[in-house]
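Undergrad: Throw the hints in and build the complete structure from the sequences for me.
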Amino acid sequence: MDDIILASSSKKMMCKVQYLLKSMFKLKVLGDLKYFLGLQLARSSEGIVLSQRKYTLSILEDTNFIDAKPISLPMETNLRMSASDGDPLHDPSTYRRIIGRLIYLTISRPNITYAVSTLSQFLSKPTFTHLTALHHLLRYLKESVGQGLLFSAKSELRLIAYADADDWAGCPDTRRSVTSYCVFIGDSLISCRSKKQHTVSRSSVESKYRAMAAVVAELTWLRDLLFDFQADLLSSMLFFYSQSTIHITTNPTFHERTKHIEIDYHFVRE
1 MDDIILASSS KKMMCKVQYL LKSMFKLKVL GDLKYFLGLQ LARSSEGIVL
51 SQRKYTLSIL EDTNFIDAKP ISLPMETNLR MSASDGDPLH DPSTYRRIIG
101 RLIYLTISRP NITYAVSTLS QFLSKPTFTH LTALHHLLRY LKESVGQGLL
151 FSAKSELRLI AYADADDWAG CPDTRRSVTS YCVFIGDSLI SCRSKKQHTV
201 SRSSVESKYR AMAAVVAELT WLRDLLFDFQ ADLLSSMLFF YSQSTIHITT
251 NPTFHERTKH IEIDYHFVRE
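Here the UniProt record's numbering is used: position 244 in the sequence shown is 244, and no number is missing along the way.
Calculated from the structure, these hints are not laboratory results.
Cut-off 25 Å, straight-line C-alpha distance, at most; resulting in silico cross-link-like pairs (SDA-like, lysine to any residue):
| id | residue 1 | residue 2 |
| --- | --- | --- |
| 1 | Lys12 | Asp232 |
| 2 | Lys196 | Ile160 |
| 3 | Lys54 | Leu39 |
| 4 | Lys196 | Asp164 |
| 5 | Lys154 | Arg43 |
| 6 | Lys196 | Tyr162 |
| 7 | Lys196 | Val268 |
| 8 | Lys125 | Arg101 |
| 9 | Lys125 | Ile103 |
| 10 | Lys154 | Gly186 |
TA: Given below as structure tokens:
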């Protein structure tokens with residue numbers, strides 16, 4: 001019953017907004033959204049499915065990978081790439097254009113975020129090694145063209161986040177770690193990130209703590225946003241892999257009181 005009342009009030013609010021816009025601008029209501037800027041939406045009783053199937057097919061057609069042999073992983077396991085690997089491409093514009101299109105594809109494909117983020121680090125001077133890894137990713141897209149995201153209609157209003165710092169000092173060029181996290185409302189993924197950290201961490205615990213601080217900031221922002229939407233949020237939960245990092249948040253004593261880690265420490269505690 002509460003869901004019916006909420007849906008009715010949301011529809012009334014939408015009608016008011018449409019009426020207000022019509023009074024100010026020339027407006028035509030086209031009905032429920034199905035396709036917009038490469039995004040395809042399908043509605044059902046289970047929720048809304050967001051995908052970019054047509055957009056993915058256009059990438060594969062333009063790159064002549066539409067008939068390529070599909071593979072099951074977006075990137076080779078334990079692959080390490082450096083800016084100096086391989087010979088430079090004679091014309092890097094194609095590489096840059098494909099990466100730009102793949103960045104837009106990560107809207108509905110968070111499973112390629114890490115691979116795209118890694119490959120985008122070499123835009124200034126890509127090599128044949130980087131191009132080979134890019135071709136590998138395109139073959140993976142051929143395997144899962146229609147994959148997308150389901151925003152469930154039955155999800156609880158509960159923020160759940162999972163975070164970790166991948167591959168401590170794994171970048172051979174900068175020795176920086178990668179912060180990775182994903183945030184859900186119930187069963188629906190709403191935020192995902194995989195990005196190189198801004199500074200070099202001198203221990204794996206430090207790199208993981210930086211990742212924890214990043215996801216706590218994201219959770220705080222989302223919680224405030226839902227509050228502005230007048231959503232009754234049940235709770236916010238963070239799941240983290242590292243026990244040592246979790247212990248830091250509950251232990252007020254530092255053996256090495258370095259300022260940069262202490263700021264993140266107090267941020268998370270607060």
